[in-house]
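Using the hints provided, position chain B relative to the given structure of chain A.
2 protein chains.
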Amino acid sequence: MLNRGHKQDPIGVFDSGIGGLTVVREIRKRLPEESIVYFGDSARVPYGTKSKKTILRFAEEDINFLQKFQVKVIVSACFSISSNALEELGKEFQEPLIGMINPGVNALSGKSSSKVGVIGTNATIESKAFEKKLKDKFRGLDIYSAACPLFVPLAEEGWTEGEVPELIAKKYLEPLLARNIDSLILGCTHYPLLHSVIKKVVGNKVEIIEPGKEAAKILEEFMDDNDLRSKGDGSLKVYLSDIPRNFDRTVVNFLGERPAEIELVHLQD
Amino acid sequence: MLNRGHKQDPIGVFDSGIGGLTVVREIRKRLPEESIVYFGDSARVPYGTKSKKTILRFAEEDINFLQKFQVKVIVSACFSISSNALEELGKEFQEPLIGMINPGVNALSGKSSSKVGVIGTNATIESKAFEKKLKDKFRGLDIYSAACPLFVPLAEEGWTEGEVPELIAKKYLEPLLARNIDSLILGCTHYPLLHSVIKKVVGNKVEIIEPGKEAAKILEEFMDDNDLRSKGDGSLKVYLSDIPRNFDRTVVNFLGERPAEIELVHLQD
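Heads up: the sequence lines are chains A and B, in that order. Going by my numbering, the first residue of the first sequence is number 569, and it counts up by one from there. Going by my numbering, the first residue of the second sequence is number 569, and it counts up by one from there.
One chain only, chain A, in its complex shape:
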């Protein structure tokens, strides 16, 4: 049975690092009065290059940490977790879970897409999670996937415009463009930072879909349907397992602001 918690409880969001703050940004735009507790496993980031087994084990530990805060709903902001471990996590934990795959798939509803591209980490693409759910939902849709592993370090290094990211984006996206895709799902928390480079490469004929925006909408609808909306102060508490070296620069790129409260925690302590 789901344990939905109480409306005054915070929303829990977790991610392999600070990339999930791009999702928090969307949640805060849509639900400014909700309190959010965020955990980013920045000591073990990235997850997207690691095995399914390790991703699941880490995600369990991440959720165990969030449970300390009596969260009313948990958002798995990381696409590598959502695509590799959400089913198992759903069986294991009582809290309602919202992942990133369904939002990415739902975002295509009402659009006339017939050929969609999906990009993400190696873990996300190899899982075929998007492919399976897109096929289930949209008959006759052609789906073309590509792993873009260098996009994460590019976004983390702040190389989000100029010839290097453009050249890399071309290498990754040209095989999809050759298939005449009409829409492109950005299946990784980091990719919204590369939106303008990706736009430049794919052109105006391809619609770019950011599942984080749709995830915030699905979260809002879920909370409305389950009487979980609160009128709080919209506080955001960020817990991280490491304060990475590029933190000061990247946190503002991802979240759009500097979080008021940041605390360092060790999961194994």
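Just so you know, not all the hints are guaranteed correct.
Copies of one chain are not kept apart here, so a pair can be met inside one copy or by any two copies together.
Unchecked claim - Heads up, simulated DSS-like pairs for lysine-lysine below, C-alpha to C-alpha not over 25 Å straight-line: (1) K739 with K767; (2) K805 with K621; (3) K705 with K773; (4) K575 with K597; (5) K768 with K738; (6) K773 with K703; (7) K683 with K696; (8) K620 with K805.
Keep in mind the hints are simulated off the structure, nothing from the lab.
The following block gives chain B in isolation, referenced to the frame of chain A:
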């Protein structure tokens, strides 16, 4: 007091992931009869973007694992660990430790370098470990450093030749070339894989130094001086905390062969 172990014991090598296998490769070339136990913390890789505190904590756990094998000497193959934590580790552990910074510095001896470039991860470059030791050893030497964070994911993705790595190498190395460096220390386990691209960018006037080669030499000399050489079967046992997705491709790139024995371990179990 140092606890040197016995000559029949294996050499322990540890690293943040599988990059340290480039150092193992050099050790095996020079010391083919020695047994080696390797631990790569591939579940938490990379370390080079993480804080000094986290690097030290992880390295302690890595060494704790190696201690189970009664290793006679421990090689810290990771430059991010060697530059950020070796001093503390040396105080804490009894086994003789060989890091990567002294080998990099020693490799410059007998050369007529007057302007050296040092490249590495953010952790290595920010530590200024190379800079301090180079200044201590060589009076009047000009030292120019540059962090090259995208080199690690490039090497891991196998993008070691072609226009993308060349363009990135140019961006990183041109500021050093503008200072007329005559030698360049590759201060990261992954960079030997990019040797030819780096060579193409820096040209023939700049000598490229791979500290891994010198580390193997220093290890040999240390073992000779301390009666630690054995005539064994040259076995190599590789322990990893995750079998990463790109493992099959990358392991051969790094080690030059496929290790006969690979075992998955969890440090926290």
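To see whether the hints hold, each was checked on the structure:
1. K739 with K767: Classified as both: same-chain Cα gap 14 Å, cross-chain 24 Å, threshold 25 Å.
2. K805 with K621: Answer is between: at 22 Å across copies they meet the 25 Å cutoff, but 29 Å inside does not.
3. K705 with K773: Intra 23 Å, inter 60 Å, cutoff 25 Å: intra-copy only.
4. K575 with K597: within (19 Å within a copy, 64 Å between copies)
5. K768 with K738: Classified as both; 10 Å inside a copy, 23 Å across copies.
6. K773 with K703: within (22 Å within a copy, 57 Å between copies)
7. K683 with K696: Within. Shortest intra-copy distance 16 Å satisfies the 25 Å Cα cut-off; inter-copy 51 Å does not.
8. K620 with K805: between (28 Å within a copy, 24 Å between copies)
Consistency note: the structure conflicts with none of the earlier hints.
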